[in-house]
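Those sequence lines, one after another, are chains A and B.
Residues 148 to 284 (my numbering) are what the first sequence spells out, left to right.
Residues 1136 to 1797 (my numbering) are what the second sequence spells out, left to right.
FYI, nobody ran anything at the bench for these hints, they're computed from the structure.
Quick reminder that beta carbons are idealized off the backbone N, C-alpha and C, glycines included.
Treat the hints with caution; some may be incorrect.
Below 30 Å or equal to it, Euclidean Cα-Cα: the simulated DSS-like pairs (lysine-lysine) are [stated by the list, open to error]: (1) A:206 - B:1292; (2) A:206 - A:229; (3) A:229 - A:257; (4) B:1714 - A:206; (5) A:214 - A:156; (6) A:229 - A:214; (7) A:206 - A:156; (8) B:1714 - A:214; (9) B:1402 - A:156; (10) B:1292 - A:156; (11) B:1292 - A:214.
Facing chain B, a subset of chain A residues (Cβ under 10 Å, in silico) [to be verified]: (12) 160; (13) 164; (14) 176; (15) 179; (16) 181; (17) 188; (18) 190; (19) 202; (20) 213; (21) 214; (22) 216; (23) 227; (24) 235; (25) 238; (26) 242.
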Amino acid sequence: MAFPRISPKIAISVLLLLTAFGVLVGLSFRGSMVYYLTVSEFLSKPPSDLDGHFRVNGKVVAGTIVKESGVLGAHFQMTDGKSTLPVVFRRELPDTFVDSAEVVVEGRMKSGVFEAQTLFAKCPSKYESAQKAGYGG
Amino acid sequence: MAQFGSFSLIVALAAGAWALVASALGALTRSRSLIESGERSSLAVTSILAIASCCLSYLFLHDRFDVEYVASYSSRAMPTLYKITAFWGGHAGSLLLWVLVLSAFSALVILQNRHHNRTLMPFVVATLSGITLFFLVLLNYTSNPFAQLAFAPPDGKGLNPQLQTPLMAIHPPCLYLGYVGVSVPYAFGMAALLSGRVGDVWIRTTRRWTLFAWLFLGIGLLLGGYWAYIELGWGGYWAWDPVENAALMPWLTATAFLHSVMIQEKKRMLKIWNMVLIILTFCLSIFGTFVTRSGVISSVHAFAKSGVGPVLAVFLGSVIAFSVTILTWRLPMLRSDGRLDSFVSRESSFLFNNLLLVGICFAVFWGTIFPVVSEAIRNVKITVGPPFFNAVNFPLSLALLALTGICPLIAWRRASAHRLMRAFLYPASGAMAMFLLLLVFGMRDLSPLIAFTLCAFVFGTLVYEFYRGSRARQRSTGEPFASAFVNLVNKNRRRYGGYTVHLGVILIFTGIVGSSFFRQEVTASLRRGESMIAGRYTVRFDDTHSASNAHADEFTTVMTVLQGDRRLGTLRPGRNFYKAFNQPSTEVDIYSTLREDLYLILIDFDPQTGLATFKAYVNPLVNWIWIGWVVIFIGTHIAVFPDRRERALLARARLVEERGVA
């Protein structure tokens, strides 16, 4: 054979290691899976499992960001062009969180409002699409 | 100038195509003139691409906003430094940089090997030209940095202010030196397979290239993490973002490769495995480019979809198909000469080291691409976040760390129980002492306890190794201890350079564990004169400053840091508002010591009420991460220059090969 001839002891420990690895990956995986949906997918029929925890992406509707003095975070509306979702986020906002920014929020629905525990706003390093719109004419 | 740039790209494409054809034909027919023609046109591609790059820089420096790429990433007001670095601020320029670096490396390889490796070289040049050609096709047909707009806007959009730091100016080139550097050992590996010279010449010849690529991938990771830490203002340095993962994966497989080639050199085993690793590393660095640039996997970096995705996927597919085919074809030649027979031997510890590194890489890969896979199969996107990566990688890294300590202590082939006991005695007692010390100081959390104990163990083994070696040399030569130490390292650069790198790895690990498990965060709203408590520090909000210029409104707070009554310093966290980008930017300030960082950001300031909201993080041991990288850098420098024995081995391997040809 082309493979190195290996003693049974080593072969068995390699197998054990691989099994342990598989179990580790599998368990950690089940524990941290989250559905990633657009706003309208989320609103139409959220899958019922995974304890109601979701990641939703869309755009901040311009002019809907409401910040209160002395309170962290903001209320805002999020859209994918078809449906709109009210969101509340109560931690410090990233700099990239501005009107029309693309955002990804992770959290759950609570009395009609999406309570986000994490919020990513897309890093503005690339402006190519915006550029095309801007210089298109 | 823009037309000239476009034109030079077309010429480069033609020359690149000829380099591929001539080298491939030359390799098959062994025609010297074809081989030389291939090498010459490969050198020509390098010069033409250098000219094209000068063109692009010229366009940036002269504010030629009629060129779309310049208008997108530069503006009149930008400092000259950032006009130069805006070259790689976007997709098309990054590709040009990629291929420029690749062709420069090809040229270097050709010049280095004018009189060596003559059987391998035509295949090497053909492989490198094939890769170059692919990127030239992309540059010419999908993303031309010289594309012109129908009109010239009065000013450009400018580079994002968060990217206008020296760190971000050099981060992409470093990463690219790493990504592209991997191509050289890959090309030699393929050449070894194609030519049938599958001895260890290809490995010994490319050892420095591999180390170089590995080091720069590492520096790229470091700079990216450090930039995120000081610029982004969330108090951390690593988020398991797809783009970060993409750079980590080839680094992991390259690390595995650097270790397993030693087994091939010393024991003539694991030949197939080494080929697999270098193929994997090369594919992962292409994949890295692909993830960063295609927008297939959504990420906070969110590079715009540029249409390169499918093309890169096809290229990646062809690379895998090509590599696997010739590997399968040459499989019978790659038979192992040795046998892995003892469980407690250095060989088997290398084997487990490799399995762990590839395991970590696999877990990261799986977590990164799972959204795409689940969408393709079940039509729903399912993601996994940092908890997954942390849960899997922490135990695996601990096992890897333990091996780092165990490996140098056990002998090649088979270790005797007696010698093992003796070697383990001091490091293990040191680790035990550390464990008890941490318990006494009140650390009860099991994970960091184990991690720090292991770090102490590995540190102990390294000190022991350096001491034992110097001591033995001192005895046999009669030199004083200090010069015995220096000579020891100098005569075995590879081994002790490697140990120095391990030392850096422990420091990084210590920093990561400290800052992940013992981080504190506090948020407070303060008026002028009020204070907040963060860890051992009292932070007093003293004053504010406002300034305004053409680009930005800058708002800064003045904060006094105290420990008890002792004044430690002043921090100035603030918020800037960049007009061109219609976006605020958090300006972090850090009070930094070797023990911990006090990391302060201003979240919000209400001018009406005078109420400012601050967030403070205390990140223990975080600076040891950056220090660890410096140690790795030093260690790699020790290891990269071959010592006398290393050179002799390469010369002998070459002689054997050349004789085989004649």
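Hint check:
1. For the hint pairing residue 206 of chain A with residue 1292 of chain B, the CA-to-CA distance comes to about 22 Å; that is within 30 Å, so the pair holds.
2. Our distance criterion of 30 Å between C-alpha atoms is met by residue 206 of chain A and residue 229 of chain A, whose separation comes to about 11 Å.
3. For the suggested pair residue 229 of chain A and residue 257 of chain A, the alpha carbons sit about 21 Å apart, so the restraint of at most 30 Å is met.
4. With a C-alpha separation of about 21 Å, the suggested pair residue 1714 of chain B and residue 206 of chain A falls inside the 30 Å cut-off, and the hint holds.
5. With a CA separation close to 64 Å, the supplied pair residue 214 of chain A and residue 156 of chain A exceeds the 30 Å bound.
6. For the hint pairing residue 229 of chain A with residue 214 of chain A, the CA-to-CA distance comes to about 25 Å; that is within 30 Å, so the pair holds.
7. Annotation: proposed proximity of residue 206 of chain A to residue 156 of chain A is violated, straight-line Cα distance about 56 Å (limit 30 Å).
8. The straight-line distance between the Cα atoms of residue 1714 of chain B and residue 214 of chain A is roughly 21 Å, inside the 30 Å bound, and the hint therefore holds.
9. A distance of roughly 20 Å separates the Cα atoms of residue 1402 of chain B and residue 156 of chain A; the hinted pair therefore holds under the 30 Å criterion.
10. Using a Cα cut-off of 30 Å, the hinted pair residue 1292 of chain B and residue 156 of chain A is violated, with the two alpha carbons roughly 63 Å apart.
11. Straight-line distance between C-alpha atoms of residue 1292 of chain B and residue 214 of chain A comes to about 29 Å, which keeps the hinted pair within the 30 Å bound.
12. Using the Cβ-Cβ criterion of 10 Å, the hint placing residue 160 of chain A at the interface with chain B is satisfied: the shortest such distance is roughly 7 Å.
13. Contact between residue 164 of chain A and chain B, as hinted, is supported at the beta carbon level, the nearest pair being about 6 Å apart and thus within 10 Å.
14. Evaluation of the residue 176 of chain A hint against chain B yields a held restraint, the C-beta minimum of about 6 Å falling below 10 Å.
15. For residue 179 of chain A, the interface hint holds, since its Cβ comes within 10 Å of a Cβ in chain B; the closest pair sits about 4 Å apart.
16. Interface restraint check for residue 181 of chain A: the shortest CB-CB distance to chain B comes to about 5 Å, inside 10 Å, so the restraint holds.
17. Hint status for residue 188 of chain A relative to chain B: holds, with the closest Cβ pair at about 8 Å, below 10 Å.
18. Taking 10 Å as the C-beta contact cut-off toward chain B, the hint placing residue 190 of chain A at the interface is violated, the least distance being around 15 Å.
19. With 10 Å as the threshold, the beta carbon of residue 202 of chain A comes within range of chain B, its nearest partner Cβ sitting at about 6 Å, so the hint holds.
20. Because the beta carbon of residue 213 of chain A sits about 14 Å from the nearest beta carbon in chain B, more than 10 Å, this interface hint is broken.
21. Among the interface hints, the one on residue 214 of chain A holds; its C-beta lies about 8 Å from the nearest C-beta in chain B, closer than the 10 Å criterion.
22. Checking residue 216 of chain A against chain B by beta carbon gives a least distance of about 5 Å; that is within 10 Å, so the hint holds.
23. The interface hint given for residue 227 of chain A is broken, as the beta carbon of that residue sits about 13 Å from the closest beta carbon of chain B, more than 10 Å.
24. Checking residue 235 of chain A against chain B by beta carbon gives a least distance of about 16 Å; that is not within 10 Å, so the hint is violated.
25. The closest approach between the C-beta of residue 238 of chain A and any C-beta of chain B is roughly 9 Å, which is under the 10 Å cut-off, so the hint is satisfied.
26. Because the smallest distance between the Cβ of residue 242 of chain A and any Cβ of chain B comes to about 5 Å, under 10 Å, the interface hint for this residue holds.
Against the hints set out earlier in the document, violations occur for numbers 5, 7, 10, 18, 20, 23 and 24.
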